[in-house]
Amino acid sequence: MSESKHSNARRDFLRKGLGIIPVVAVASGGLVSNIAQAEPSSQNKYTPTFFTEAEWAFVTAACDLLIPEDQFGAGAITACVPEFIDKQMDTPYARGELWYMKGPFHPESAPEFGYQLKLVPRDIYRLGIAGCNKWCQQQHEKVFAELDKETQTAVLKQLEGGKIELGDVPAKTFFSFLLANTKEGYFADPQYGGNRHLVGWKMIGFPGARADFMDWVEHSDRPYPLGPVSISGERG
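When we follow the UniProt record's numbering, the leftmost residue of the sequence shown carries the number 1, and every step to the right adds one.
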C-alpha cells in the first residue's frame, strides 16, 4: 500500500470514529467534566485518580494499540487519551448518575431495547480489566500489559468478538466502552484531558471551535486549511 493510501485510510478511520462521539463530549460539559488540558504521561508523570496501577497499565497499553502512533500522525498516548479516560471516571457519566438504573435489567434483550446492565462505566472498567487480566494470566501467565503487542492485539480482537469470559461484564460491552472512550479522548476538546495540542483534529482536518467555517462545510473530502481552534483558543 502506498504512503498516500495508508494516510488516507487512517484519516478515514479516525474521521468515521468522530461520528460516534456525542456532540456534548466535543463542545460542552454535559457528559464530561470541565477539566484542564493534560500533559502526556511521559512528560508530567500523570498519576491516575481512579485506576489502580495495574488498571492504569492495562488502559495505557490498550489505548496505544487502538490508536497507535505512526509516521502519519499522533497516537492515543501522545494525545493523553488514558488521562482523559481516567478523569471521566470521576464524572456523573461514569457513576451512572445520568442513567436510569432502577431496573428491571434484561441483559439478553434485543439491541433495540438499549443498555440493559446494572453496571455503570466505572464498574465496567474495574470488572472488565480484572477479568481480562485474570484470563491473560490463565492463558499466557502474564497480565495484559505485560504481553507482547501481537498477543495484546489478539486479546483485544477476542474481547471485541465476545470470545473471552470476563465474569460479571460481557466482553463485547467492555470492549465497546473502551473503544468509544478512546475515540472520545482522541477527538474531544483538549480541556477535557485528551486531544493534546489538537492532534486528533489535525489528523482529520477538523476546524474545532472556530466561530465560522461555513464556507468549508461542503468540502468534507479535504482537511480544513486554517487548522483547528480549541474552546480555550489554542490553535493547532
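Heads up, some of the hints might be wrong.
What the hints assert, rightly or not - Here are the simulated lysine-lysine pairs, DSSO-like style, with alpha carbons at most 27 Å apart:
(1) Lys172 <-> Lys142
(2) Lys172 <-> Lys149
(3) Lys172 <-> Lys102
(4) Lys134 <-> Lys102
(5) Lys172 <-> Lys202
(6) Lys134 <-> Lys149
The set of hints was computed from the structure by calculation and includes no laboratory data. Only a predicted model underlies this, so the values are computations on that prediction, with no experimental measurement involved.
Evaluation of the provided hints:
1. A C-alpha spacing of about 22 Å is found between Lys172 and Lys142, which places the hinted pair at or below 27 Å, so the restraint holds.
2. Taken as a hint, the Lys172 and Lys149 pair is honoured in the structure, with Cα atoms around 20 Å apart against an allowance of 27 Å.
3. Between Lys172 and Lys102 the CA atoms are separated by roughly 23 Å; this keeps the pair inside 27 Å, and the hint holds.
4. About 30 Å separates the Cα atoms of Lys134 and Lys102, which puts this hinted pair outside 27 Å; it is violated.
5. Using a Cα cut-off of 27 Å, the hinted pair Lys172 and Lys202 is violated, with the two alpha carbons roughly 30 Å apart.
6. Under the criterion of a C-alpha separation no larger than 27 Å, the hint pairing Lys134 with Lys149 is consistent with the structure, at around 18 Å.
Hints 4, 5 from the earlier list are contradicted by this structure; the remaining hints agree with it.
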